[in-house]
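Q: Sequence:
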Amino acid sequence: MKIIITDLTRFKNQDKVCTAGVAKDGTVIRPMPYLSADKCRELDIHPGGILEGKFTLRNNPAPHLEDANYSKLTFKGACSKAEFRSALEKTLYESMSEGFGVEVRSKDKCLPAENLPIRSLITIKVSPSTFSVVQNQFNRSQMKAHLSDGGGVELSFVSVTDRGFYDYAIQHKDDSREFAKINQFIQRQEELYLRIGLSREFKADDGRNGYWIQLNGIYTFPDKLDYIRCYE
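Residue numbering for the sequence shown follows the numbering used here, starting at 6 and increasing by one per position.
These aren't lab readings, by the way, just hints derived from the structure by calculation.
Remember, it's a predicted structure, so these values are computed and weren't measured experimentally.
Virtual Cβ for every residue (Gly too), placed ideally from N, Cα, C.
Do not rely on the hints blindly, as some may be mistaken.
Taking lysine to any residue and the SDA-like style, the derived pairs with C-alpha atoms no more than 20 Å apart in a straight line are [to be verified]:
#, residue 1, residue 2
1, K21, Q219
2, K17, H51
3, K130, N188
4, K17, D210
5, K7, K44
6, K229, L197
7, K229, D172
8, K149, Q192
9, K86, G31
10, K77, E57
11, K95, H51
12, K130, L97
13, K112, E99
14, K186, Q147
15, K130, G156
16, K114, A150
17, K59, T32
18, K112, S164
19, K112, N141
20, K186, S132
21, K59, C23
22, K112, V163
23, K149, S134
24, K7, E57
25, K229, Q194
26, K81, D43
27, K59, M6
28, K149, V138
29, K130, E108
30, K149, Y171
31, K17, K149
Cβ pair distances, simulated, as ranges [said to hold, decoys possible]:
#, residue 1, residue 2, range
32, F207, V131, 24 to 30 Å
33, E183, P117, 35 to 41 Å
34, A209, S134, 30 to 36 Å
35, F207, K112, 16 to 22 Å
36, F207, Q19, 17 to 23 Å
Could you build all of it, start to finish, from the sequences and the hints given here?
A: Below, the structure written as structure tokens:
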């Protein structure tokens, strides 16, 4: 099976990377166990890359239905712009509530554990003018996002787990002008697709327990962010 990589996300442990992709029939695959950062470099894995291998869904309970065992991974090069857009469209939902199958409310980034979402990875399409990224004021190497979806839900300070953005943030963490350029570039684009994911179940210090919304990928058309490889 071949999948087009749509998610390349970071952990606090930089030795591991979470990847996910979309097959031709629209099946979303998250290779498990997580790939090492060294393996990703060896295979040249990046968003828009085509990864071939034997994938077997684990039949996990919701929401992480996408987890799949894998073997014999090989990298088949980068997909085209049209192929990448098609992969995003196959997993596209009007809103986060529709995509996750549970109510997502403005300002609430945690979906309660007792109300299980039906999946953990989706794509939404938003107006570029309503989206922005900001640096975490307590850790300038991290970024947060402000966004609103097609259902009118607004979320602030969503964790940006996109590995490409993280690498960029590390390089420019002391230059606020670069972050202004990111927002200007995105807001000038005609289309903006966001890959939205859910964390594993986690209980925060304030007692909220559930699946936390995170931003796995930021993809613009007709132009792409040059420092995030996504298609040829």
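Q: CA of K112 to CA of V163, is that 20 Å or under?
A: Holds. K112 to V163 sits at ~10 Å (cutoff 20 Å).
Q: Quickly compare the C-alpha distance for K17 and D210 to 20 Å and report which way the hint goes.
A: Answer holds: K17 to D210 is near 18 Å, not above 20 Å.
Q: Hinted pair, alpha-carbon criterion (20 Å max): K59, T32. Please report holds or violated.
A: holds (14 Å)
Q: Regarding the pair K81 and D43, is the alpha-carbon distance no greater than 20 Å?
A: holds (18 Å)
Q: Does the alpha-carbon distance linking K130 and N188 stay inside the 20 Å limit?
A: holds (16 Å)
Q: Taking 20 Å as the top limit, are the C-alpha atoms of K112 and S164 close enough?
A: holds (13 Å)
Q: For a C-alpha distance cap of 20 Å, please report whether K229 and D172 respect it.
A: holds (16 Å)
Q: Hinted pair, alpha-carbon criterion (20 Å max): K114, A150. Please report holds or violated.
A: Holds, at about 12 Å.
Q: With a cut-off of 20 Å on the C-alpha distance, tell me whether K112 and N141 pass.
A: holds (17 Å)
Q: Would you mind confirming whether the straight-line C-alpha gap from K21 to Q219 stays at or under 20 Å?
A: Cα-Cα ~17 Å, so holds.
Q: Assess, step by step, whether the Cα of K229 is no farther than 20 Å from the Cα of L197, and give holds or violated.
A: holds (10 Å)
Q: K149 and V138: Cα distance at most 20 Å?
A: Cα-Cα ~6 Å, so holds.
Against the hints set out earlier in the document, no violation occurs for any number.
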